[in-house]
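Q: The lines below spell out each chain.
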Amino acid sequence: MEQDSNDRKNGPDLVASLIRAAGRRIEPPADAYQQVLTAATAAFREKSAQRRGRMWVLIAAAASVAAVALLVVQWNGTSTESQVATIARVIGSVEIETDGEWEPMTGARGSLGTGARLRTLAGGNVALDLDGGASLRLAAATEVQMDGPRQILLRSGRLYLDNRASVGTGYRIETPAGTARDVGTQFELRVADGILRLRVREGRVEIDRAGQLLSGSAGEQLEFDALGGVTRSMIAPTDAEWQWTEAVASAPDIEGQPATVLLRWVARETGRQLRYEPAAVETRAAAVILHGNIQHLTPMAALEVMLATTDLEYALSGDTMVIRTRTEP
Amino acid sequence: MADLVHLDRATARRILGGDEAAFRELFDRFFPRLYRFALARLNRDQELARDVVQQTFCNAIERLDSYRGEAALYTWFCQICRNVIADHYRRRQRGSERVVLLEDQPNVRAILEALAAPTDDEPDTGVWRQQVHRVVEATLDALPGRYGEVLEWKYLDGESVNEIARRLELGPKAAESLLTRARVAFRAAISELAGASDELTGALGRSPG
Chain A
0 MEQDSNDRKN
10 GPDLVASLIR
20 AAGRRIEPPA
30 DAYQQVLTAA
40 TAAFREKSAQ
50 RRGRMWVLIA
60 AAASVAAVAL
70 LVVQWNGTST
80 ESQVATIARV
90 IGSVEIETDG
100 EWEPMTGARG
110 SLGTGARLRT
120 LAGGNVALDL
130 DGGASLRLAA
140 ATEVQMDGPR
150 QILLRSGRLY
160 LDNRASVGTG
170 YRIETPAGTA
180 RDVGTQFELR
190 VADGILRLRV
200 REGRVEIDRA
210 GQLLSGSAGE
220 QLEFDALGGV
230 TRSMIAPTDA
240 EWQWTEAVAS
250 APDIEGQPAT
260 VLLRWVARET
270 GRQLRYEPAA
280 VETRAAAVIL
290 HGNIQHLTPM
300 AALEVMLATT
310 DLEYALSGDT
320 MVIRTRTEP
Chain D
0 MADLVHLDRA
10 TARRILGGDE
20 AAFRELFDRF
30 FPRLYRFALA
40 RLNRDQELAR
50 DVVQQTFCNA
60 IERLDSYRGE
70 AALYTWFCQI
80 CRNVIADHYR
90 RRQRGSERVV
100 LLEDQPNVRA
110 ILEALAAPTD
120 DEPDTGVWRQ
130 QVHRVVEATL
140 DALPGRYGEV
150 LEWKYLDGES
160 VNEIARRLEL
170 GPKAAESLLT
180 RARVAFRAAI
190 SELAGASDEL
200 TGALGRSPG
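Keeping their order, the protein sequence lines are chains A and D.
Using numbering that gives the first Met the number 0, you'd call the opening residue of the first sequence number 0 and step up by one each time.
Using numbering that gives the first Met the number 0, you'd call the opening residue of the second sequence number 0 and step up by one each time.
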């Protein structure tokens, strides 16, 4: 073994003797390493997301002449330059942050500005109509911040985005565990305990995790663990797991509208293809004018109620909703 | 030390800027050291040490904005770890069972961040070896950069300067210089500790068995 000049000058080598007498340092168990890394990575990503959120606020503050309007939700139903969404539907306990305090959200049709934060409590759901044309829905126990017209920060919990308009640059959803960009789609994103889960119902979604790009297509579920591992599995567009999104769906105003408006909405909300049998039934459906209000009905309940007043009926066949003219017994 | 703190401030800034590679590098550098740090203070309870270190990382990341570089980043993490351990004992109301370490004497603590407590339930040779092990382990953990690893490669694995140079992708002269600096730092830390604690002087001054 080599010995440097210091060793020789100093006689017996204290450094070498002590290190050899002590032996190797204790190595932590691999499972402890993995567990702590997972938790610490989640904390790091959450911290990064919080700082990005604050940065957006600062940028907004610098750009705004009316500083007092910043971070304050435009809760009076009027539109402002910074408006990014409108509350479409509230179920159960939903809270909104105003001046640093969480306050109950009492009803729909208010508007949200850049920087607005809202959260759902146990059993609560909320649907927002985003100014870009998409529908955003929050499951229970979820917190988001509206970072911009097409940018949302999902702090925790689960959201669903339906970008039915499929126009523009798509939406960007930041989470502590990665960033999602929709490419004209319906998808669900959940972040919990450092694990990011993406479920794509329609179209395609790109996920950016620290520069690593991955995409999920319709029918796919991707689960990203904190260490960068990805697990892919399948989830049908009609799977029962999507039902929470239907429960909070914001129904169209069907008064005076043709039945085709209702049918297209129900098909999209339930993840089904729409087929008229025979094709001429579509012309018939377009001629049926509906009257009434389905605002508080789920898509399938609205379908049942409204078709009962027409000569149309439906049947579910796999992932397809078939519309026919009624056959009387 | 000033250079080290400067580097630590830069690391903290990178992490706060969202640089995940910087975070991971810091984690890999600190995790084993903090784990040993906690283990020595928690009656060798591995599960508890894991949980304490996990909480330490989470707290440290949350408060990283407040790191001003007055001390080395590892020292700052150790202080957070101490607080987590203190919280643990407060919650359990087990103050009487708390492990009191040599390093927690103010004079020793000022020199190094970690030293383990002696035990009195082993034969003399075992006690001596255990004390030396803990002192050396804590000293190696407290050394900056990769000094601890370099010394282990040299004296436990018997690697030559050239082999260490290849590992670190350095020239032989740079590796030799690094090894010399590591030896000097280790010797200085041990000497200061021995001067600061009679108990430690006794442990180091005895020969085994």
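Heads up, some of the hints might be wrong.
Unchecked claim - Partner residues aside, some chain D positions facing chain A, computed with beta carbon under 7 Å:
(1) Gly-17
(2) Phe-26
(3) Pro-31
(4) Arg-35
(5) Leu-47
(6) Arg-49
(7) Ile-60
(8) Tyr-88
(9) His-132
(10) Trp-152
No lab work stands behind these hints: they were computed from the structure.
All of these numbers come straight from a predicted model, not from anything done at the bench.
Virtual Cβ for every residue (Gly too), placed ideally from N, Cα, C.
Q: Give a verdict on every hint.
A: Hints and how they fare:
Using the Cβ-Cβ criterion of 7 Å, the hint placing D:Gly-17 at the interface with chain A is satisfied: the shortest such distance is roughly 4 Å. Interface hint at D:Phe-26: satisfied, since its Cβ lies 6 Å from the closest Cβ of chain A, which is below the 7 Å cut-off. Satisfaction of the interface hint for D:Pro-31 is found here, the shortest Cβ-Cβ separation to chain A being roughly 5 Å, below the 7 Å cut-off. Of the supplied interface hints, the one on D:Arg-35 holds, with its beta-carbon coming within about 6 Å of a beta-carbon of chain A, less than 7 Å.
Interface restraint check: D:Leu-47 against chain A, minimum CB-CB distance 11 Å, threshold 7 Å, status violated. With 7 Å as the threshold, the beta carbon of D:Arg-49 comes within range of chain A, its nearest partner Cβ sitting at about 4 Å, so the hint holds. Interface hint at D:Ile-60: satisfied, since its Cβ lies 5 Å from the closest Cβ of chain A, which is below the 7 Å cut-off. Hint status for D:Tyr-88: violated, given a least beta-carbon distance of 20 Å to chain A, over 7 Å.
Restraint check, D:His-132 versus chain A: the minimum CB separation of about 4 Å is within 7 Å; hint holds. Below 7 Å, beta-carbon pairs count as interface contacts, and D:Trp-152 has none with chain A, the closest being about 11 Å; its hint is therefore violated.
Hints 5, 8, 10, counting from the list given before, are not met by this structure.
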